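Quick mapping for you: the protein sequence lines, in order, are chains A and B.
For the first sequence, our numbering begins at 1 and goes up steadily by one.
For the second sequence, our numbering begins at 296 and goes up steadily by one.
There may be inaccurate statements among the hints.
Stated by the list, open to error - Computed, partial: chain B to chain A, Cβ under 8 Å: (1) Gly-340; (2) Arg-341; (3) Pro-343; (4) Ala-349; (5) Leu-356; (6) Ala-367; (7) Arg-395; (8) Ala-435; (9) Ala-453; (10) Gly-469; (11) Leu-474; (12) Thr-565; (13) Ile-592; (14) Pro-597; (15) Ile-605; (16) Leu-607.
By construction, these hints were calculated from the structure, which means they are not laboratory data.
If you're wondering where the values come from, they're calculated on a predicted model, not measured in any experiment.
Backbone N, C-alpha and C fix where the C-beta goes; we use that ideal spot for every residue, glycine too.
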Amino acid sequence: MSTTTTAVREQRPDQQPTKRGGASRWVVPAVLTLGALAFLLPFYLMVIGSLQAEPDTSISGLVPSGGLTGANYANIDGSIDLWRTLLNSGVITGGAIVGTLVFGVLAGYALAVLHFRGRGTLFAMVLLVQVIPFQLLTIPLYVLTVRTYGLADSYLGMVLPFLVNTTAVFVFRQFFLQLPPDLFSAARIDGASELRVLWSVALPLVRPALLTVVLLTFIGPWNEFLWPFLVTKEASMQPLAVALANYTANVAATTSNPYGAVLAGSVVLAAPAVGLFLVFQRHFTATNLSAGVKG
Amino acid sequence: MSALTPARPGSASSSSASGRGSTTTSASDGRPPRRGLTGLQRAFGRHPIGVLLALPYAVFLAAVFAYPVVLAAWMSVHDWFFSAPGVEVDHPFVGFENYRQVLTDPQVHQAFLNIAVFLVINVPLTVALALVLAVALNRAARGRTFFRVAFYVPYVTASVALVGVWLFLLGGDGVVNSLLGPLAPDPSWLVNSSLAMPSIAGFVAWKQLGFFVLLYLAALQNVSKDLYEAASMDGAGRVRQFFTVTVPGVRTTTALVVILATITGANLFTEPYLLTGGGGPDGASTSPVLLMYQLGIEQGNPDTASALGIVLVVLVGLLVLLNRRLLRSES
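Bound conformation, chain A alone:
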């Protein structure tokens, strides 16, 4: 599906002048502002709520009157060890990014540039994998990973389904296909080995693809809940998303201030992905991310 959509190209404002005055002059900004409010208000509440000693659910709570406090962050850290779970999230995400880059570049290059036996079969498999839904894999993958290979509560077990991202292979293949084949032949005639051609000629030319793939692989494993939730039982191995979810489901309701600590944890979990998105938002297009995040 990633090939069917095109990147969003910004249309210049002067291309479609507003012909009518009156209503349409304020309708568009009003719709957009309403939309932005609906999307951003929960984030505002998340941050404000996490900084209030007792998150206020009344209208006046939108503008906090009392002082702000870091107590909720201390609370959630006391319950789920934020640094440890953040480290776990980082290890899983980092592993997924490294695996995706290495395997993705190699496979994408081979599929785009090299002629070898089985290339057609492999590409057919790539296309097939795109349509296999993850829900079908959940149970057998759990049986294999946890029961057969004994990878419960291990980083390898958690990172396994994310080590190779088929979307990344696709992205790399598309980028390598755009490079002129003469470039590779020239390097080969100069006596460069194929790995050398890949490393010194092809890779520097597809840097934007590297960034795209890093961004799309970051969001997926960082935000993923179901798979690490299945694989981990030990609190010390859980990524933040799982630890926070367990806290939300089991502990929060029994505390006197159920929202504060949950919201503080939410801010910590959301911040890296949102921050990365804000910095690199130009690189997030419909094409890049369409299959990057699996339910």
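Got chain A; can you put chain B on it based on the hints?
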């Protein structure tokens, strides 16, 4: 993998013929000016190293996708239960017994009904809001980047983090209810058996909307400006133009949005698990994947859970096919 099958005469040429530009590459592939092919090339194609480079990915696909899919199908027709590690146990063939159990389980019926409720609310909401926002964004004179970023932020944020805020919003003593005052539903949103699933559908629509706005925004670039001009000449106002030019113009994207939203719905797990405390009240917001988790892992019946997974995938496949069929008959 076929990449590892023994060499056959002419294998090199057959693999290169399937490749791109096979007529021109013979001159530009950098092959040493030697007559004939080396043994390796005869066995693996013109670039034998390609096999080596693609092998890790191929092995991964086989181990993490192909084998589990086969295992799921196998488990679904056998009596499969968890045993102590290293203990060999029999998994007798039971035919369609697991499927019979799944298809007659009232919990499963409820879960599919819940997903139907989800789709009936989520899909039209997603299509309508995403299209309206995309059209507005396309016409905006100022602040495009800001609005685009604002719409997209929930999409890149973890569901688990957003669930925290929505509990804060929709809880019994939450923000929404304190705004509604006496109009607040009783029992409240997430513990109300007729409002729990609609609440989840609304949450998911909100979270995913930014992505669909981007899809529509891309599609709007391809709607011909002439059509708008012609419609405008004929005296059609903005609203009329929206329904006669824009909506038909982005029809293929709408089909894609419907398919993707359907797949999202079929994958639903985190939201009912966390927003409604494991699919409550009384299973009113249980999703099939949540049920798969409960059946397969909590209750230790991965065989029936696999059967449920296959039933789910077949149903989603049928929905997607139906969608495409409808689209084709319309055009």
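Min Cβ distance, Ala-349(B) to chain A: is it shorter than 8 Å?
This interface hint holds because 4 Å falls under the 8 Å limit.
Holds or violated: is there a CB of chain A closer than 8 Å to the CB of Ile-605(B)?
7 Å, holds
Using Cβ atoms only, decide whether Gly-469(B) comes closer than 8 Å to chain A, and label the hint accordingly.
5 Å, holds
The hint names Leu-607(B) as touching chain A; please verify it with the least Cβ-Cβ distance against 8 Å.
6 Å, holds
Can Gly-340(B) be said to touch chain A, with a Cβ gap under 8 Å?
Holds - the Cβ of Gly-340(B) comes within 8 Å of chain A, reaching about 4 Å at its closest.
Does the closest beta carbon of chain A sit nearer than 8 Å to the beta carbon of Ala-367(B)?
4 Å, holds
Can you verify the interface hint for Pro-343(B): is its Cβ closer than 8 Å to any Cβ in chain A?
6 Å, holds
Hint Leu-474(B) vs chain A: min CB-CB distance below 8 Å?
6 Å, holds
How about Arg-341(B): closest beta carbon in chain A under 8 Å, or not?
Cβ of Arg-341(B) sits 4 Å from chain A, so the hint holds.
Is the shortest C-beta separation between Pro-597(B) and chain A less than 8 Å?
5 Å, holds
Less than 8 Å between beta-carbons is the criterion; does Thr-565(B) satisfy it with respect to chain A?
Constraint on Thr-565(B) satisfied, holds at 5 Å.
Hold the hint about Arg-395(B) up to the distance rule: shortest CB distance to chain A must be less than 8 Å.
18 Å, violated
In summary, the structure is inconsistent with hint 7 from the numbered list given earlier, while agreeing with all the others.
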